[in-house]
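One-letter residues, chain by chain:
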Amino acid sequence: MSGLRWLWRSWFSRARFESELDEELAFHVAARRDDLERSGLDRAAAERQARIELGMRETYKDECRQARGLTLLESLAIDLRQGARSLRRDRGFTLTALAVLGIALAANLLLFVFVRAYLYGGGVSAPRGAWVDIVAEDEQGRTRVLFTEEEAERVRAAARGTLALSYVEIEQRAAAGTTGRVAYGRWVSADYWRAVGVTPLAGRLLTAEEDRANIGPPAVLLTRAGWRRLFASDPQAVGKTLVLGGRAHVVAGIVPDEAKGFDPVIPQYFVGIGALPAGTVDEPRLFEIGGTLPRPGKEAERAVTAALQTVVPGLRELAAGQRSRVRELRAMRRRGLLAASDASQLSGAVLVIAVAFGLVLLVACANLANLSLSRAVARQREIAVRLSLGAGRARVVRQLLTESVLVATLAAGLGVGLAVLAVRALQNFVFRIVSDAGLDVSPIAADGWIVVAALALAVVAALAFGLAPALQSTMRELSLAAKRDAGAFGGRLRGEMLRRLLIVGQVAVSLVLLVVASLLVANGRHAATLPLGFDPERVLDAGMTPASPEWMRRLETIPGVAEVSAVSQLPLAGDLPRIAVRVGQTEATSRVRVVDERFFAALDLPLLAGRGFARAETTRGARVAVLGEASARRLFPEGAAIGRTFEVPARGEEDVPGSAAGDLRGGRYRARRGDRMVLRGARREHAVRSRGARRRRGRSGRRAGRAGRASSPRRPPARGVPRSGPCRGLRACAAQPLARAPARPVRDRRRDRRSARPGRGADERHRPLRRGGLPGQPAPARVRRARRARLVAGAHRPPGDGLGRPVGRSRILVGTPLCLALSLFLRAVVPALRSFDLASYAVVPAALAVLVVAASAVPAFRAARVDPSVVLRED
Amino acid sequence: MPTPNLLPGTLDVLVLKAISLGDEHGYGLLQRIQRMSREALVIEQGALYRRSSGSSVKA
Numbered sequence: 000m001s002g003l004r005w006l007w008r009s010w011f012s013r014a015r016f017e018s019e020l021d022e023e024l025a026f027h028v029a030a031r032r033d034d035l036e037r038s039g040l041d042r043a044a045a046e047r048q049a050r051i052e053l054g055m056r057e058t059y060k061d062e063c064r065q066a067r068g069l070t071l072l073e074s075l076a077i078d079l080r081q082g083a084r085s086l087r088r089d090r091g092f093t094l095t096a097l098a099v100l101g102i103a104l105a106a107n108l109l110l111f112v113f114v115r116a117y118l119y120g121g122g123v124s125a126p127r128g129a130w131v132d133i134v135a136e137d138e139q140g141r142t143r144v145l146f147t148e149e150e151a152e153r154v155r156a157a158a159r160g161t162l163a164l165s166y167v168e169i170e171q172r173a174a175a176g177t178t179g180r181v182a183y184g185r186w187v188s189a190d191y192w193r194a195v196g197v198t199p200l201a202g203r204l205l206t207a208e209e210d211r212a213n214i215g216p217p218a219v220l221l222t223r224a225g226w227r228r229l230f231a232s233d234p235q236a237v238g239k240t241l242v243l244g245g246r247a248h249v250v251a252g253i254v255p256d257e258a259k260g261f262d263p264v265i266p267q268y269f270v271g272i273g274a275l276p277a278g279t280v281d282e283p284r285l286f287e288i289g290g291t292l293p294r295p296g297k298e299a300e301r302a303v304t305a306a307l308q309t310v311v312p313g314l315r316e317l318a319a320g321q322r323s324r325v326r327e328l329r330a331m332r333r334r335g336l337l338a339a340s341d342a343s344q345l346s347g348a349v350l351v352i353a354v355a356f357g358l359v360l361l362v363a364c365a366n367l368a369n370l371s372l373s374r375a376v377a378r379q380r381e382i383a384v385r386l387s388l389g390a391g392r393a394r395v396v397r398q399l400l401t402e403s404v405l406v407a408t409l410a411a412g413l414g415v416g417l418a419v420l421a422v423r424a425l426q427n428f429v430f431r432i433v434s435d436a437g438l439d440v441s442p443i444a445a446d447g448w449i450v451v452a453a454l455a456l457a458v459v460a461a462l463a464f465g466l467a468p469a470l471q472s473t474m475r476e477l478s479l480a481a482k483r484d485a486g487a488f489g490g491r492l493r494g495e496m497l498r499r500l501l502i503v504g505q506v507a508v509s510l511v512l513l514v515v516a517s518l519l520v521a522n523g524r525h526a527a528t529l530p531l532g533f534d535p536e537r538v539l540d541a542g543m544t545p546a547s548p549e550w551m552r553r554l555e556t557i558p559g560v561a562e563v564s565a566v567s568q569l570p571l572a573g574d575l576p577r578i579a580v581r582v583g584q585t586e587a588t589s590r591v592r593v594v595d596e597r598f599f600a601a602l603d604l605p606l607l608a609g610r611g612f613a614r615a616e617t618t619r620g621a622r623v624a625v626l627g628e629a630s631a632r633r634l635f636p637e638g639a640a641i642g643r644t645f646e647v648p649a650r651g652e653e654d655v656p657g658s659a660a661g662d663l664r665g666g667r668y669r670a671r672r673g674d675r676m677v678l679r680g681a682r683r684e685h686a687v688r689s690r691g692a693r694r695r696r697g698r699s700g701r702r703a704g705r706a707g708r709a710s711s712p713r714r715p716p717a718r719g720v721p722r723s724g725p726c727r728g729l730r731a732c733a734a735q736p737l738a739r740a741p742a743r744p745v746r747d748r749r750r751d752r753r754s755a756r757p758g759r760g761a762d763e764r765h766r767p768l769r770r771g772g773l774p775g776q777p778a779p780a781r782v783r784r785a786r787r788a789r790l791v792a793g794a795h796r797p798p799g800d801g802l803g804r805p806v807g808r809s810r811i812l813v814g815t816p817l818c819l820a821l822s823l824f825l826r827a828v829v830p831a832l833r834s835f836d837l838a839s840y841a842v843v844p845a846a847l848a849v850l851v852v853a854a855s856a857v858p859a860f861r862a863a864r865v866d867p868s869v870v871l872r873e874d
Numbered sequence: 000m001p002t003p004n005l006l007p008g009t010l011d012v013l014v015l016k017a018i019s020l021g022d023e024h025g026y027g028l029l030q031r032i033q034r035m036s037r038e039a040l041v042i043e044q045g046a047l048y049r050r051s052s053g054s055s056v057k058a
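As given, the protein sequences belong to chains A and B, one line each in that order. For the record, in the first sequence the residue sitting at position 308 is 307 according to numbering that gives the first Met the number 0, with numbers rising by one throughout. For the record, in the second sequence the residue sitting at position 29 is 28 according to numbering that gives the first Met the number 0, with numbers rising by one throughout.
If you're looking for bench data, these hints aren't it; they were derived computationally from the structure. Worth double-checking, as some hints may not be accurate.
[Said to hold, decoys possible] Partner residues are not named here, just some residues of chain B that face chain A (Cβ under 8 Å, in silico):
no. : residue
1   : H24
2   : G25
3   : Y26
4   : Q44
5   : G45
6   : Y48
7   : R49
The beta carbon of each residue, even a glycine, is placed where N, CA and C say it ideally should be.
Modelling step: build the complete structure from the supplied sequences, incorporating the hints.
As structure tokens, then:
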């Protein structure tokens, strides 16, 4: 750092340095001359003698300049000037390079901005202090962020003084005003305002009194977004009435949107928790707890975590008799819009996108490297002249690299510009479901780090596309070749091989990216036609925690419901947990789903062999299993799985009474009672569609639901909510308190509240199973796809060089493994439903081939127009 | 001719020592070193401005 400062000072005090150097040398000569004069020489002879004794002044000056690092800067400036001249001269190359690299860098920078905002909070408005979420970990190592009222009170009491706590209800939806507009709001305690550190724009904040049950219309605070949407920015909004869920609220104030804290969606209103309807035994109120630390740093986090441990025994007492008991409470630092647990779920998807974008950048670099090599051929004489004039190879390489860095830096500037312009548009596109629902997404923006990232990527890209051509074009053979037959048309260089390799790599990677992208799109399109073994339109999902026989009986009485089954996890609802199984000496893992005896009947799932579960087996927890087709083949390759046993090391031996169709991921179904139900008989028109519900299940589902808010926010329930049929029955069913657990009086608004809460009631949580997503594929399809990939990789034809010559066998041999390796990698990280798609494997390569031919046609025609006699004469 | 009994870097040390006694021009430093060594060390005129000055001191 001090070296840089020194260099900076030297450069900017250059004139002073030069004059001082001149003055010093002049003084030296004068002083020596005077001494010599005093010793008896005449003035002219003394002057001459002094100059001779001193020696070459210009050389000394150069050495002094070098010692101060000025020569390096000078040569850099010269290189930059020369690079700029060269780029200006070759505009075609410059514009192509800027476009190609600028777009590739912009894509990577966009990803950078999103990752920074959602994981690290860069470029988002967030509370000023160090925000922490309180997370509970149970004995099984599962974490949760929601606490019951009693738990939250105890945690709050323990952390008082150390942490400003707030209750934050997950989410509220209600009809605002008389317009029936859907609004999104949160219930917060009074200390929430201290934690987020906002001051009201108008009116007041909510007070501690409003944390307790209040009389009369409760107060509501509007955010700026809510004020705009619900009151059309009415300046007289404070004091007016807002009807939420059928209950009148008085607008007490307006707060800035920053009051959202780290919420990825901007709430439109805040209500004090005192206005919350009372919870019931079946449906307790659940709260998030979070707040800002008194000071940032690990020390403060540890202090809060230590303070929280004092309440753990109390929480365990509260949870006595339940399966999940708190083992530890932690204060986890929140940096981005997503909590750490949600962020880790997204990391896989982010990695895939990052790899794809990285490949795009790699293709761009390969493209530019190829162009640079072609330019090097054209600049052969210029480079040879420089070498022969005495410039070292390193000097020429440095000059060529400076040119590459210049191009990459300009492209980085373009990329930053594009990324900054596109961030908002892309965010709106990605979260368009939120916008469609009339909600506002927390805006993200590029901050200063984008420039740092862009420059870093630019330098890497410059080295990637500039180093090899620079080294190649300054090889000794080049100068020899230039001396031997300088300017000879068609002089072959080693660079040609490198160019061919680059073309092959570029086309191969492009092909893989295009094919995979096309396959993903095709899979998304065709997901709805995948044979599942059951009709998803006739199946509804209703979440109950825990599922009880009473609920089951009640659901069965709903008109239109043919069958009810309890299941640990629904088909098409994400990955199933894996367990280790052993058959004889063979060990394997298998996915397991816990179901009751009516599962196969509820899904109308045919059994290929054997039988399903008997009621007695499910109630007594008998050790029997039904294997999926693929699992049966895998575990018992010799066939005849029925009646055989396999061992679950943690459980003991299990019998196999039947084998189900292999469409459901080849899973294994075990007879036990789960906590979810599947209802058969509902039709699509009765369904509530698309609420990101696939992510929510059971206890852990609540956490996932929070992630769902960011990635696939829910649609307003008003749209498409059925008024009759099983859904209505479900709602009525859920509205009745259980006989065994008589609940406190339920207010009307409770329904709306429940509807928004994942995993807590039947009301609007029932929905048809959806086919969206890419939940795996059967093994034969993978094999088929691999074969296809191999075929396509082998069949692809990289373009010829600039003269459109046919492609040699070696290029295919180089391209094929690359294609295969990349396609294998991508296939491993992106499981797809369909492995073959005509458009992906035929049209895309054909289109790419046409593009390649078209791209090489122009230079080929230009080369063909060269008059041979002119060239020969020049030679 | 290089002086065999002087180690490389001797001039650097001498110059540093001489300049530590007070600011002075290059020529003055040479004079100071000669005076301090009672004319035992003679330094070439341009030696101060060169990068490699190992053979510039004559004993």
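Hints versus structure:
1. H24: Holds, about 5 Å.
2. G25: 5 Å, holds
3. Y26: Where the cut-off is 8 Å and the nearest Cβ of chain A is about 4 Å from Y26 (chain B), the hint holds.
4. Q44: 4 Å, holds
5. G45: At 4 Å from the nearest chain A Cβ, G45 (chain B) passes the 8 Å test, so the hint holds.
6. Y48: 4 Å, holds
7. R49: Result: holds, 6 Å to nearest chain A Cβ.
Of the numbered hints listed earlier, not one is contradicted by the structure.
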